[in-house]
Each structure stands twice: as structure tokens, then as C-alpha cells.
Amino acid sequence: MTSVRFAKRTAGGFTLDVDFPVGPGVTALYGPPGAGKSLTLEAIAGFTRPDSGRILLEDVILFDAASHVHVPPRRRNCGYLAQSDALFPHMTLRQNVAFSARRWPRLERHRRVAEMLEKFRLTDSAGLWPRRLDAQSRLLGAVARALVAEPRLLLLDDCGIGEACLRQIRAATGVPILMVTGSLDLCCAAADQMLILDGGRILQRGAPRQVLDQPQSLEVARLVGIPNLFQATIAALDPGRNSSRLEFDHFALAGPYIPAHFKGNRVWVAAAAENLRVHPGDVSPPLNSVPVQLVRASHHAHSVLVEFSFGIFVNVSYDEFARQQDNKDWQVEFPPEALRVL
Amino acid sequence: MPVDWSPLWLSLRVASLATVLSLVLGLGLAWLLASRNFGGKEVIQAVATFPYALPPLIAGTYCVLTLAHSRFAFTWHIGVIAGAVGIFPLMVRGARRAFQTRNLDYENAARSLGASEWRVFWRIALPLAYEPIVAAAAIGFARVLTEFAAVVLVAFQLAGGIAPFPFGLVAVIVGMALASVYLSNRLEHEGKSRV
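Protein sequence lines, in the order shown, are assigned to chains A and B. Under our numbering, the residues of the first sequence are numbered 1 to 342, in order. Under our numbering, the residues of the second sequence are numbered 1001 to 1195, in order.
No lab work stands behind these hints, which were simulated from the structure alone. Treat the hints with care, as some may be off.
Derived coverage of chain B by chain A (criterion: at least 3 residues anywhere in the stretch with Cβ under 8 Å from a Cβ of chain A; other residues may be distant) [said to hold, decoys possible]:
| no. | segment |
| --- | --- |
| 1 | 1020-1026 |
| 2 | 1117-1129 |
Not everything, but these chain A residues come out facing chain B in the computed CB check (under 7 Å) [said to hold, decoys possible]:
| no. | residue |
| --- | --- |
| 3 | Cys78 |
| 4 | Tyr80 |
| 5 | Phe88 |
| 6 | Ala135 |
Pulled from the structure, derived: some chain B residues nowhere near chain A, Cβ distances all over 10 Å [unchecked claim]:
| no. | residue |
| --- | --- |
| 7 | Arg1013 |
| 8 | Trp1031 |
| 9 | Phe1050 |
| 10 | Ile1058 |
| 11 | Thr1066 |
| 12 | Trp1076 |
| 13 | Asn1103 |
| 14 | Tyr1106 |
| 15 | Gly1114 |
| 16 | Gly1168 |
| 17 | Tyr1182 |
| 18 | Asn1185 |
| 19 | Arg1186 |
Even glycine gets a Cβ: it sits at the ideal position worked out from N, Cα and C.
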């Protein structure tokens, strides 16, 4: 079992207090800058000493405040890739990879280094200096160097790794990976587990899709980029029909039944922009729709984010937006299943 | 009349040994000051920088008096020790600045790969910081070389050992010192442009 539970107060007054297990596969640590993501990795790698708690790696104690155990970084067997380019600039790529293979005899070392370079298709550039390599090769080289040491956990600190690179690492080794990332797309594409970290605390953890679809708090909803966050009053609750009625400042909607709440409660409601639909204002209003005015449309790579009155945002495809952009009036439909009460 | 080159060889020997001695000791202290926090650090820094404030004559006299009863008394070895003490602050400051501005990510990466602290220093920190360190060493070498050569030449002159005054010898020594200073400037410039 690999588990991380520790607290650390920095000189600047920031307190990091985390408790989470690290399972097999990829665990993503997501959060805004200054949330404590890198500090978490540094504590696991042993570069910083927590004030309290315990860190276990495959049931081996790396840190235990109660028994004053703090295993030095070189004995932790955690591969670590920093945010910046970490290939040693004064060594060729081969020398970089060989640096971590020192514990093996000469021939075995050569074999392992060659094998790892081959796995990441770096054999041709093995004799080059890091400054002669492109960013992707440097990153792969740093990964290869970390993997030659046969780590029991790979820590990736927002090093610009992409989905393809993560797939290559997983193909090369089954080592668990704990990565810091600011990309929700990467979390969804490559991570098995996701931790949302903010202000030194873990706000939510779970499968990326589950976290994104079911944020448990307003903070998480904001952090995962849900733009439609409204305060509402519960006007009616009907457990028999699994429905509720929510009154917002400017409109009212039907939603699913909200357990553990009473009529009259004030709640926050989240609705992902891609789960809402737009219709022209002159068609008969669909169920749960709100008449709105177009405020602005911002064109993204694969869709258009349309902002309407009342601060409602809807993500529509380019084709859909092209069909409807000349609408005089608009209606936004809120499917009841798209509403999440936080 | 053939030129007596012995003052040059002696000056070179003294300057080289003083530079190496000062470099080895200075590197160790600079690494300690740049990478560790401990009580009395400021005091050690002040003591290490103190020879800067001493005129070379006073520093040399202290060395002679301190080692007067040892087997090094009134030999060129005292020149080595006095020279090393004189350029010690230069080495410590140069190396310390180089170590302080280093990128810790490289060292942390090395530690995570199983490298001991000695290996981190020897294989990572030192090679990455060599330019300002060698620059400081080159300046230190030039300073000891010119200072010791001046002392030797004046002493020879006073003793009537060299006549007429060896302008060629002086030119060679000044040229070597200039080359060291040029090398130092180049290395510092290259180090900065790489950063």
C-alpha cells in the first residue's frame, strides 16, 4: 500500500495538510497555482520534511514524524521529474541515462541504458547534448533516466508531459505514477484517479469523469471550470417523482430530487456548459428552458462558448452555432440531469 | 647577458600551489555556506572574508611570524600559505555565488536517482558552477603571481642578485597575469550568458 498523510507549514505561513492513497496506474494532482501540488511531491520525494504524518511506499515507511523516520531522497526509490527541464546539461543523453544506472556492473549498466533508450526511441540521439535535443526528446530522456533506476513510484511535477508520453511510460513500466498537472484534458485522458487540491487541502478525489461530473463543492466546481454556478432556493421537493423545483434570481427550473435538503433551503447549483442546449427564441419553449439574450460568443479550437444574459454559458459546436447565430432571441434548455446541487 | 628565469619558475610554482590550496579549501567552505543553515554561519563568513581587509604586507608578516619556528620558516612555502590566505575570500565568494545561484532541480533529480551528497557535489553542482569558480581561481592566480613576483624581484634587486633589471622577465609575468584576468572575464561572461 502506498499512502500519503502529512502536514507541513512553510516559512511563508502556508499549510499543506493532505491524506490520500496512491493506487496503481496514474494519479493526477490537479489544482490552481500555489495549491501545494509541488510541495506534496517534494515531501514524498524527500526534498522537504513534513511536520507531522506518515508516508508509506509499498508498506515501507519513508517518513514517520512520530518515530522520527525521514529516509533520505536517494534511498526512497522515487523517480522525480521537476517542472523545469531536468536533464543534466553537462552530460550527453546517454550519460544522463547512465547516471542512474551506477549500481549495476558495467556490462549490465550498458545493457539497461541501451534498452531504455531503445524503448523511448532515443537511441539515435543518445550521443547528443541536451541543448541539441527538442523538448519532447529531453522529456523522454528524463523519464528514461528516472526509469533506469527502477523506481517504485514516479513523481511528475507538471513537467509538460502529454498523453502520448504517459502512454509510452505505461507501456515501458507498470510503476505507479503521481503527476501534477494543470490540464483537465490530460486528467481525463490519462489518469485513473484524480485529486483536487486547493489551499493545501484535498477537496475531492475519484475517477476524473466522476469528479468533473459530480463536483462535491462550489470550490471544486469552480476549479474544474464549470461556468454555470447559481444560488437557488428549493421551492418544492417531490421524492415520489424524483423531482424538485429550484427558484433562481431570474428564473425557475425543475431539477432532480435533492436528498438531505428541505424546502426553503438555499443551495448552489452547477451546470456544465456542454450539458446545456440552445434553441431559437421563436420555437415553442422546451421543458426547463429560460429565454435569454446573447451577450458574446468566444470561439475555441473545437467549439464555441456562448455567453447569455443571467451569466449562463453554453458550449455549442461550430455547426450548431453557425445554424443559430442569426437568432433574434434565444432559449437555453437545462435538462434536469444536467443540474448538480452542491 | 643570459636572463635568469628562476624568479619566474618560483613565482609560477608559488602562485599555482596557492591557488590550488585556496581553491580546495574555499570550495568546501563555499559549498557548506551555500547549502547548509547552521548557527555561526555569519561569523564564519566574516572570518573567511577578513583577509580581504588585510594589506598583503600585514598578512605576509603574520604568516612569517606564525610559522617562524616551523620548518617552513623563511622558505617559499610561506609564500604559498600567504598567497592562499590572501586569495581565500576571492575563492569563497566566487564559489559561493556560483553555488547559490544553481538550479536545485538538477541536484534533487540526482538525489532521486540514488546519488550520494558527495556525488551530487562532484558530478552535478561543481561541473555546473565551474565557470565562475575557475574565473575566481584565475584572478587569484594572477594576484599571487604578480604579488610574489614583485616581492622576489625587489628582494633580488636589493640583494644585488639581478642586474640590470630584467624587463623581459617582468613582461612575461605581467603577460601571464593579463592572460589569467582575460580568461577570468571570458569565463564570467560565458557563465552569465548561459544563465
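So, going through the hints one by one against the coordinates:
no.	hint	verdict
1	1020-1026	violated (count 0)
2	1117-1129	holds (count 4)
3	Cys78	holds, 6 Å
4	Tyr80	holds, 4 Å
5	Phe88	holds, 6 Å
6	Ala135	violated, 16 Å
7	Arg1013	holds, 31 Å
8	Trp1031	holds, 17 Å
9	Phe1050	holds, 31 Å
10	Ile1058	holds, 41 Å
11	Thr1066	holds, 41 Å
12	Trp1076	holds, 37 Å
13	Asn1103	violated, 7 Å
14	Tyr1106	violated, 6 Å
15	Gly1114	violated, 5 Å
16	Gly1168	holds, 41 Å
17	Tyr1182	holds, 24 Å
18	Asn1185	holds, 22 Å
19	Arg1186	holds, 18 Å
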